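J.: So the protein sequences, as listed, match chains A and B. Each residue of the first sequence is one higher than the one before, starting from 178 at the first, in the numbering used here. Each residue of the second sequence is one higher than the one before, starting from 135 at the first, in the numbering used here.
Think of the hints as simulated: they come from the structure by calculation, not from any bench. Just to be clear, a hint being listed does not mean it is correct.
Straight-line C-alpha distance at most 30 Å; calculated DSS-like pairs for lysine-lysine [what the hints assert, rightly or not]:
#1 B:K171 / A:K247
#2 A:K229 / A:K209
#3 A:K250 / B:K195
#4 A:K247 / B:K182
#5 A:K250 / B:K220
From chain B, some residues computed to sit far from chain A (all C-beta separations above 12 Å) [stated by the list, open to error]:
#6 D158
#7 S170
#8 K171
#9 K179
#10 I181
#11 R236
#12 K265
#13 K268
Computed from a predicted model, the values in this text were never measured in an experiment. C-beta atoms are modelled at their ideal positions from N, C-alpha and C, and glycine is treated no differently.
This is what each chain is made of:
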Amino acid sequence: MPSLKKIIATTLLLGTSLFAVDGYKVYQETCKACHVEMISVAETMKQMKTLKAPPMVEVSNQLKRTIIIKGSKADDEEIHRFATIAFIKNYLQSPSMDYFMCNPGAVDRFGVMPAQSHLNDEERQAVAEWIYDRYEGVEFK
Amino acid sequence: MKKITALLLLSLSLFAVDGQKVFDENCKACHLGMVSKADFMAQIKTIKAPPMVNVSHRLKKTLTIADDDEEVQRFVVISFIKEYLKRPSWNYYLCDDSAFNRFGVMPAQTQLSEAELQAVAEWVFDEFEDKEFK
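Sequences are here, hints too, so could you generate the full structure?
T.: Rendered as structure tokens:
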């Protein structure tokens, strides 16, 4: 006989997950056509002529390398994650070469992506979290 | 043609959200705008939040960019402010511990529209560019 606590916890979790937006699903439906999920540097070079955008593994790592938390909160991981997710969410609404994070070679090669204005706040939150978390400890090499 | 351009600019400015106005109406009751450290300390017992000049500089000092690109940093800081206003939390609070103990976490500003969030975040970044908290 499951305890009342378990029943309540399960119901709550199940209920939440039914309504929560799945970041991976947003990626598959919205980003994947241009941003490959996982690929090696060697394979990227081979496919360079047909690639439409940097692979997401490189995007994630580049974002994390570029944003650096300094001062009394130096290297605080929660702040770094929040700032990176905030950047992704805002960038998806208004991409621009003014604050593009890719290296100059990538700009010349790919240009600036189109705004993803069909995504709502929850979808942008979910996919931004996915981009950050999916590649924790996963390098582009 | 020039007249048309002027007219367009005028109509744009009529619709544009004024960041200063958003600040006055939503933030100012707790965050003083520009204040000296001496004046701030004199009021510390009744003050409810860090002054905005301090908030602005602290954001810029904390959220930095690997190659110091200023446009990228401005965009990152503005993005941070916009998201923070929607979901403030001590998990990613930028203030130091003494400010945290003194003031706690601010309430979410869910009454603000996307355009208002953008305008006030730009204002917080730009307004204090040449002003120090000292």
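J.: All hints, please: hold or fail.
T.: Hint-by-hint comparison with the structure:
1. B:K171 / A:K247: holds (23 Å)
2. A:K229 / A:K209: Holds. K229 of chain A to K209 of chain A sits at ~10 Å (cutoff 30 Å).
3. A:K250 / B:K195: holds (10 Å)
4. A:K247 / B:K182: holds (26 Å)
5. A:K250 / B:K220: holds (21 Å)
6. D158: At about 24 Å from chain A, D158 of chain B clears the 12 Å cut-off, so the statement holds.
7. S170: S170 of chain B clear of chain A: closest Cβ-Cβ about 22 Å, beyond 12 Å.
8. K171: holds (18 Å)
9. K179: holds (24 Å)
10. I181: Holds, because the least Cβ-Cβ distance between I181 of chain B and chain A comes to about 21 Å, which exceeds 12 Å.
11. R236: holds (15 Å)
12. K265: holds (19 Å)
13. K268: It holds; K268 of chain B is separated from chain A by about 17 Å at its closest Cβ, greater than 12 Å.
The structure fails none of the hints (numbered hints given earlier).
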